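Enquirer: Residue numbers (my numbering), protein chains in the order written: chain U, 2 to 456; chain B, 55 to 322; chain Z, 4 to 757.
FYI, nobody ran anything at the bench for these hints, they're computed from the structure. Worth double-checking, as some hints may not be accurate.
What the hints assert, rightly or not - No more than 25 angstroms apart at the CA atoms, straight line, and that leaves these computed lysine to any residue pairs for SDA-like:
#1 Z:K696 x U:L129
#2 B:K296 x Z:A84
#3 B:K183 x U:F133
#4 Z:K737 x Z:E660
#5 Z:K756 x B:K183
#6 B:K296 x Z:G681
#7 Z:K696 x B:G129
#8 Z:K696 x B:R303
#9 Z:K696 x B:K183
#10 B:K183 x U:P315
#11 B:K254 x Z:L54
#12 B:K296 x Z:K696
#13 Z:K696 x U:P375
#14 Z:K753 x B:N229
#15 B:K254 x U:P375
#16 Z:K696 x B:R158
#17 Z:K696 x B:G150
Stated by the list, open to error - To give an idea of the chain B side of the interface with chain Z (calculated C-beta under 10 angstroms), a few residues:
#18 R64
#19 C109
#20 T110
#21 E131
#22 L144
#23 E149
#24 S151
#25 P153
#26 L159
#27 P221
#28 A225
#29 P230
#30 A253
#31 C277
#32 P278
#33 Q280
Only a predicted model underlies this, so the values are computations on that prediction, with no experimental measurement involved. A virtual CB, placed ideally from N, CA and C, is assigned to each residue, including glycine.
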Amino acid sequence: MEQPRDIASDIVTPMIRWPRGYGVFVGCLLAVIAFAAYAWTQQLRFGLGVTGLTRPVFWGLYITNFVFFIGISHAGTLISAILRLCRAEWRRPITRMAEAITVLVLFIGAGNVIMDLGRPDRALNVILHPNFRSPLLWDITSITTYLTASMLYLYLPLIPDLAILRDRLPRRRWFYRPLALGWTGTPQQHRRLERAIAIMAVVVIPIAISVHTVVSWVFAMTIQPMWHSTIFGPYFVAGAIFSGIAALIVAMAILRKVYHLEAYLKPIHFNNLGILLLVMACLWLYFTFAEYLTTFYGHQPEEMAVFWTKITGPFAPYFWAMAVCCFVIPVILLGIPRLRTISGTVAASGFILIGMWLERFLIVVPSLINPRLPFPGGVYHPSWVELAITAGAFATFLLFYCLFIKVFPIISIWEVQEGQERGVDETVERLKTYLPTAVSQPPQPATSRFQTKWS
Amino acid sequence: MVSRRALLQRAVVAAGALVFLRRAPTAQAASGQEADAPRPTHTPRWGMVIDLDKCTSCQACVVACWAENNQPLPGPEAHRAGRVIEWMKLLSVHEGSYPRVRQRLLPIPCQQCDQPPCTTVCPVFATYKNPEGLVAQIYPRCIGCRYCVNACPYTCKFFNWSEARWPASMAQELNPDVSVRPKGVTEKCTFCHHRLQRAKEQAASEGRVLQAGDYVPACMQACPAQAIVFGDLNDPASDVSKAQDNPRRFRLQEELGTEPKVTYLSEA
Amino acid sequence: MEVTRRAFLQLTGLMAGTTGAFERFIRHRLMGLPAPADDVLLTPHAPEQWLPSVCQLCPAGCGVAARVVNGRVVKLEGLPAHPINQGSLCPRGLAGLTELYHPDRLLQPMKRIGERGEGRFEPIGWDEAIRTLIDRLRTLHQRGESHRVAWLSGHTAGIAPQLIERFLRGYGATRHFVLSPPTGELPVDAFHMMVDWQGQMLYDLAQATLILSFGMDWLQAYPSPVEASRAYGHLRRGQPDRRVRVVQIEPRLSVTAAKSDEWLPVRPGQEGWLALSMAHVLIRDRLFHERFVQDSAVGFEEFSRFVESHASPEQVAEPTGIPAETIVRVATEFGLRRGLAVGSRADALTQWAVMSLNGLVGNIDARGGILRRWEPEALSLPAAVTPTDAPMLPTDAQALPALLQSQQPSPIEVLVLSSANPCFLSPSPSRWADAFKAVPWIVSCTAFLDETALHADLLLPTATALEQWQYAPTTASDGTVVATICRPVLAPRNEARGLPDLILQLAQAFGPPLDNALPWHSLEQLVMDRLHALYDAKVGLLLPPISVPGTPAPSVEKPAMNVEEFGKELLARGGLLWPAEASPWPEFRTPSRQFEFVPRAIAERLKASPTLFPTEESAAAAGFPLQLYLYSPLAFLNGYGAHLPHLQQIAGSQLHEAWVTWAEIHPSTAGALGIRDGESIWVASAHGRITVKARWSEGIQPSVIAIPLGLGHTAHGRWAQGIGENPACLIEAKRDPQTGQPLWQGTWVKVWKA
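Throw the hints in and build the complete structure from the sequences for me.
Expert: If you want it as structure tokens, here you go:
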């Protein structure tokens, strides 16, 4: 008989250890961020003229990053909420790291919009003089809602863990004690917490979908060629979940390595997420194909100008790289069961992240390069400032994540404990309810849990 | 202890009073103005007709607009970067091949759409259509998100990528009626709105209503070929209404439903 | 943790303070925004004035209304009701304000301290500058070598050319060279030979019934661009139920060609054949104006004999590249409508061929045809008291470099330059720099340190039009005469002085006999003199008062005025006009007193060889397969304007090019040479080579490469210097045998990828 693991110490021990590599990595991130900050001061001082933006390419890397990061944010909350609602038992070790990605990456996404503003000092005008007809304001509204909900959704399952930390780490007691809200683990507290989590899981799904739909509407609500499309909402949501899962897989793989969580994040987790990723890859291809075919078949001159710019024109390398990264490689790596190993799924995820970033770039820039009136189209070469700020955005996200995993347990201790203690029984119970009822019993039409209970 | 009901009642009264107090002075001011100046019979709707058969594409309008509206100086770097600000600009399109080649040359100001795609997308009301139909830009409020610029199907809005600078001696020729835009905001053709303000002030000081010809944008005033007609589209007797009533008329990208108030008359 | 109210408030205050400080730091330190209100709002209304003046960016003489606020000129508009521009202005005129306030203007007299052409000067005072110049002139005068002073002027508008002539005559010098612009001049040489040997011609464009232009891009390069544009608008849609057709014959699809109903892409240099073949059609089909030809012209027989045998449409279809049926169709239309054939100052034979078309349809001295410029007696200056009445010597500026180097020492000791920049704008400009080395002393009166001024020993800063008194008579294309007379809009910047004032001051400083020829201390005095004379003559009509939309309506005219009131009104309104009259001359001023179809010089040439316009296959064989076609966009009219940023920006809008020299080339030609659109290419002739940006264009004859003139300055201010390339260096300094004019077109070049 195997000894049950001390989950709490497995998770808490790496939190209080500070290996050299960690310091070096954080130092590197800080250096990148410092350079990005310098680039930003240049941009503040001299205006957006220091970027490669031009007429008519008024949006570039920053907006690409914005859409990309908001997409990544779908990793967590949405996936964790869906898995929770589906009572997928394998979710337990991955919900926390997914939710953390969501909350942290939202700040980065929003930050990129601030970078893009010509007058960041006036950003508060969106609150002082809001115009609710503007999709940008819908965006702000839904992103703030999403951020609030996601933070709540991250925080609620953290409470029991914070209590554990409060009790285990006396030196950080001052920090964890107020956050734990006096959690003692009474059945009543448990009942309330689980109820709250269940409500949040339901609430967060429509919000998450709305967020990326609205992001797509920023483009789709204009009448610019290849932006003005009705499928942009679902297309963006699908792409967001796609890139979100990919980001989650990469994060899982890294944490598994550095925190030695092999016992928790097993190949089955990667396998399951890999299958989900494969489904999303197919969905993505379906949407992309539908979008481009409709454009091509309609053959409107303005739309076709953008179309050819992407397919054969100056953006063709990016376009085909995107197709390979988002579909060809993932389908090979994930579709063949032999290749769907941990490293296989991680590699596929890495390519998907690159591909999805390219996809966002290809949505933003080529449409702008080809204005409706035949003015000489612009060329867009991002300047060092934009590249530095983009690098800074990625570095900031990594830094946030690095700090998060040192402050909060990256695997939900109590949920895994719960799974270990009650999960097997519960699952068996639930499974039984799926099965045909025994013959001796009077025939019951119900398959539902509630009705079984009542009987 | 104040009851919840009482609190709500008070809040409603206070809010009502606030709304009333904020309204009252403006209403007074407006009625005071009306006492001085004769009231126009209708709200004008400013529009422009550009007759391409008269236009010689000399670009006097382009330079007049630069000079009138304190637009930043063009230069080689700005041109190469595609950052020249020209509210009025010449669009040139070649059609056909040698020797049967045609070239269309169109001066393009802001089309001052009646259904502007740019105003709805502004998150902070920095661009809006005013009651006289002019699509205006509030520079001190603009946050520089460039959403309106991207939403404009005519590429007629411009962004201040960097601070506009003039050599000290040339700063003297700046028009005192027009603000110099700070960096980081969007700007556009205003149909020389400051000239409308002046014309209104002048008419008011002379105790009359605004007449046709009082308000003329700089591009029209400069045009040697008199290809530009400007005026009140709501007045069926105005020159611009008459000029519009022409079988040669077309508007740019009419199919988009933007209802431009700039009408072109085709060449033949 | 217990939070007290006090602690909470303190914390809140601290946070608010920090946020505020941080926000201020970002706004004012980092972003460099002014505090506290960060945007410039409308300034309160300063009192403003509208003052009349004249535009002198080209010789057209448009009236200008300058808006002056707080002593600054903030906008130029056209002077309403001015006969030339009727309240409008061309882009050059509108950019004129930038010339006034240009940061690189020459603002004080300078003396050369470096080598010639090196550009090292040191500032000196006006007194010293004038003293140096006068000393030189006096020394020569005392030695009896007055003829060794010469004056070279470029485009000089207003009264200055007259004052220069008087100055030279008064001094005893006889050489006043005038540089003619490369493009956009009227065919005056043919006019002199065939119509009037001493008059000046006008095209009455606005009244024309059909405009057939032979290589004249008249909407862009025309002596009076505003009038050309006005005429176009009028012809097209200015008259009820009448739209005049416009046909353009030119190797390149110029703006005029683009705005025309028909473009005939002729091979360069073959416009003359086309004109003669149209004459052939007119004569063959008896579509010419028989009464004019019989009563007012000579040489018709000889002319028709020539065109009948040498210029049938079938014969010229090959060299011109225009099909015979097109020629017949256009010629027939021209004859039936009695159109106006517009030409440019090309070679004499082409000018003659085009002018003969106007003779055939009797469009000489006729509305909608060719008019003769006239000027009322009252406008001319009183006869000068000059010591010599010696005629001025030939003023062929292109002969000057050779003359300067013809002997040692140079026949010219002192050369005065005014607004002339041959080191930039003449064929093979480098030969001028070489020639200037031979001249001991060069004075340049200029507003900018241009390429030619770099070779001067003394620089005298001239003022722009707005900074001067003006007395500028001009004639509009319809024959209306206008004298723009006004006071300065503002005082000259720094130490600049108007050229007329400078000439008068020099004359006064020199003393007799110069001060007899120019008996005025200043232009102001001259203007006041003329004011009295005009008042006494009681001729001309005052221009209407300036009214600008949105400004107070001007006061109503008083019926009778004394001389002071007259002067005040005149200067406030900007001048006098004389409505167009019938030609003041009853007959043509040619040797035969009639229109000469075949003037003597042409007759000799016809006798010598009937091949009037050779196609020069030899050049193609010698490895220069393409013909270079030079043109001036309106922005760089007369090759002048690159120093103004707004003009640089609009110059190439037809191809969306700016701030670079581009070359239009047909895609098939370019494709054969492996040149892609937008690539950098070398263009080389036997005389020089330049790198330019190739632009594919369907609007160009495939055997031609077209390059705009006006760019490629090596001096002339920050916006001109170092921008683009100067195609003038590709041109051989060749002169027309009949007229002595430089031939700008007809250079053969080769092109390859850079």
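Enquirer: Look at each hint and say if it fits the structure.
Expert: Each hint, compared with the structure:
1. Z:K696 x U:L129: The given pair, whose Cα atoms are some 50 angstroms apart, is violated under the 25 angstroms limit.
2. B:K296 x Z:A84: With Cα atoms ~24 angstroms apart, B:K296 and Z:A84 stay inside 25 angstroms; holds.
3. B:K183 x U:F133: holds, 16 angstroms
4. Z:K737 x Z:E660: Violated, because 31 angstroms separates the two Cα atoms, which is more than 25 angstroms.
5. Z:K756 x B:K183: Distance ~51 angstroms between Z:K756 and B:K183 Cα, so the pair is violated.
6. B:K296 x Z:G681: violated, 44 angstroms
7. Z:K696 x B:G129: At roughly 18 angstroms apart (the allowed maximum being 25 angstroms), B:G129 and Z:K696 satisfy the hint.
8. Z:K696 x B:R303: Status violated; Cα separation ~37 angstroms.
9. Z:K696 x B:K183: Distance of about 43 angstroms is beyond 25 angstroms: violated.
10. B:K183 x U:P315: Distance ~38 angstroms between B:K183 and U:P315 Cα, so the pair is violated.
11. B:K254 x Z:L54: OK: B:K254 and Z:L54 at ~23 angstroms, within 25 angstroms.
12. B:K296 x Z:K696: Not satisfied, since the Cα-Cα distance of roughly 45 angstroms exceeds 25 angstroms.
13. Z:K696 x U:P375: With a Cα-Cα distance of about 21 angstroms, the restraint between Z:K696 and U:P375 holds, given a limit of 25 angstroms.
14. Z:K753 x B:N229: Given that 25 angstroms is the threshold and the Cα spacing comes to 48 angstroms, the pair is violated.
15. B:K254 x U:P375: Outside the cut-off at roughly 38 angstroms; violated.
16. Z:K696 x B:R158: Cα-Cα ~23 angstroms, so holds.
17. Z:K696 x B:G150: holds, 23 angstroms
18. R64: violated, 25 angstroms
19. C109: Holds. Min distance 8 angstroms.
20. T110: Nearest chain Z Cβ about 4 angstroms off; hint holds.
21. E131: holds, 9 angstroms
22. L144: holds, 4 angstroms
23. E149: holds, 9 angstroms
24. S151: holds, 5 angstroms
25. P153: holds, 5 angstroms
26. L159: holds, 6 angstroms
27. P221: Given a least distance of 4 angstroms, the restraint on B:P221 holds.
28. A225: Constraint on B:A225 satisfied, holds at 8 angstroms.
29. P230: holds, 5 angstroms
30. A253: holds, 4 angstroms
31. C277: holds, 6 angstroms
32. P278: holds, 4 angstroms
33. Q280: holds, 5 angstroms
Of the numbered hints given earlier, the model fails hints 1, 4, 5, 6, 8, 9, 10, 12, 14, 15 and 18; all others are met.
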